[in-house]
Amino acid sequence: MRSQRTAWLLLAPTLLILFVFGVVPFIYVLVTSFLHWNAFAADPTPRFAGVDNYRQLVFDDQFLYAVWITLRFAFFAVVSEIVLGYLLARLMMRDFPFKGFFRTIHALPLMVAPIAVGATWRLLTVPGLGPLPYLLEHFFGIDYRIGSYPTQAFVTTVIMDIWHWTPLVTLTLLAALSSLPREPFEQAQIDGASPFQIFWHITLPYLRPAILATVFIRMMDALRTVDEIWMLTGGGPAAATRYIGLYIWRVVFPKTDYGYGAAISLITLYLTIVLCWLLYVSLVARKQKKGSF
Amino acid sequence: MRRPRRLVTFLFWCGASFVTLFPIYWMFVISAKSRADLFGRPSLIIDSLNWANYAATLSDPTFQLYMLNSIIVATCNSLLVTVLALLATYALSRFPMAGKENIFFWTITNRMAPPAVFLLPLFLLYTQAFTIGDWKLYDTRIGLILLYCVFNLPFAIWILRGIIDAIPKELDEAAMVDGASLWQILTRVILPVARPGFAVTAILTWVFAWNEYLFAATLTSVHARTITTGLAEFVTVTGTNWGLMAATAMLTLIPAVVFLGLVQRHIVAGLTFGAVKE
Chain L
1 MRSQRTAWLL LAPTLLILFV FGVVPFIYVL VTSFLHWNAF AADPTPRFAG
51 VDNYRQLVFD DQFLYAVWIT LRFAFFAVVS EIVLGYLLAR LMMRDFPFKG
101 FFRTIHALPL MVAPIAVGAT WRLLTVPGLG PLPYLLEHFF GIDYRIGSYP
151 TQAFVTTVIM DIWHWTPLVT LTLLAALSSL PREPFEQAQI DGASPFQIFW
201 HITLPYLRPA ILATVFIRMM DALRTVDEIW MLTGGGPAAA TRYIGLYIWR
251 VVFPKTDYGY GAAISLITLY LTIVLCWLLY VSLVARKQKK GSF
Chain D
1001 MRRPRRLVTF LFWCGASFVT LFPIYWMFVI SAKSRADLFG RPSLIIDSLN
1051 WANYAATLSD PTFQLYMLNS IIVATCNSLL VTVLALLATY ALSRFPMAGK
1101 ENIFFWTITN RMAPPAVFLL PLFLLYTQAF TIGDWKLYDT RIGLILLYCV
1151 FNLPFAIWIL RGIIDAIPKE LDEAAMVDGA SLWQILTRVI LPVARPGFAV
1201 TAILTWVFAW NEYLFAATLT SVHARTITTG LAEFVTVTGT NWGLMAATAM
1251 LTLIPAVVFL GLVQRHIVAG LTFGAVKE
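Line by line, the protein sequences are chains L and D.
Per the numbering used here, the very first residue in the first sequence carries number 1; after that it's consecutive.
Per the numbering used here, the very first residue in the second sequence carries number 1001; after that it's consecutive.
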């Protein structure tokens, strides 16, 4: 009964759905990216375009700007989340009352719909309504309007992402910290190592795989953030927070220039894969050296 | 000696929980205020609960349709994904297959692709290719249900792989010797043993489907819109009614809050693809 045929039959529905809704769109976008195809053009029939679409996007300032600010957003968000998440995980390792309760509360943002996260932060930051503009104005004299100031909008999107995803880092690093062996730490303490030396020479090397894995996953997610940014700033002011996902969705796609939109989609996918591959290689390199992950 | 440290940590986590909860509390405050009370000096206290926003949202036929769509899409997707993942995972776990680890890995990669990249091809396919006569997959619930499998199936297979691998092979081999059919093994042996794991899988895929926005916004227009797209519509219209938006957002996050306690321990393994085991 445990024949290959039964196994393939069991797998068939899954593979079929993933093929139709995962692979077919990919092939479709690949083909489309080599076409001149604009639904609103004088001649809306698709024509072969060679690499014209790709040539065009190399000189597309808006696209390059979107890539640049997306990388900047992902960098600041992920670095802050790792540092903050590590500190929180250390504090979660301690013994204190109602630990399970606090842990559950801390995990709450992970379950909330990204679009609702955007709505929440919008309500916090709307001038005249939210507490943030009011507090910043009264206590620090800062004119806080994310609808007008690009830097403030950028920083607010990063802080929102930190609020949303730091719990993931905390909980992953907490799991890693809980599984650390005790002996090296005890030995180091006997040898009189300073807390910083212990952190740098023992904790960090042990946590490296977990940290890299978390960076990898968070990076992938941060690069494709759309929903909450759309809800919070709508990509503005001007294009200050129009990250790559938003750019494809709100600018390229509605223009009905399908060929060019496909090329941009594909390049985005390619850039994501390259970046993730680089992170992955650093993981695997470590895995082979240490022999465990 | 240890007491002050315990107290300090406890107080710190009180503060951290405040930071986590405050944005949601604030949304609740807004949702419970009348339109006239909204502006002016922000006040953190709700003077009198005003359910008008909730009543207005819940009695709006458009919103009712969105809510119904979300419930149908999330429930059907979750059931479909759990059943298909059970079959697929059982095959991957128990059968001798050439290259099954590659199939497993390929399945997982489906979840990693940035959704925005697939909006354009899916929109074109849904409006032009996936059609039967006048009927299009565009703006249908079934379109969303099937599409959500692309990110939910890999997740479910990942979670269930660990669970089914942990069930001793002797258990279903014994059933096989007794003459049980494959279907009987799956429903009478595997399912009962792994019930908690299936519950977690079903709940989390349900929540992911419920939370999805980008595809729902792009691939539906009128009939199959979901609650998340309804929430976003409050902002694109000029002169946002903040109270209504807050009430809708509160309704959107009810499932997250309800299920949080049940699945909290599995979220991390789920979201990190088991990169970190708990």
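Calculated from the structure, these hints are not laboratory results.
Please note that a few of the clues may not be correct.
[Unchecked claim] Covered stretches of chain L (in silico footprint by chain D; criterion: 3 or more residues with CB under 8 Å from a CB of chain D, positions within the stretch not fixed): (1) 26–34; (2) 76–83; (3) 114–120; (4) 144–156; (5) 181–191; (6) 194–202; (7) 223–232.
Beta carbons: idealized from backbone N, C-alpha and C, even for Gly.
If you test the structure against every hint from before, which numbers come out violated?
Structure breaks hints 2, 4, 5, 6.
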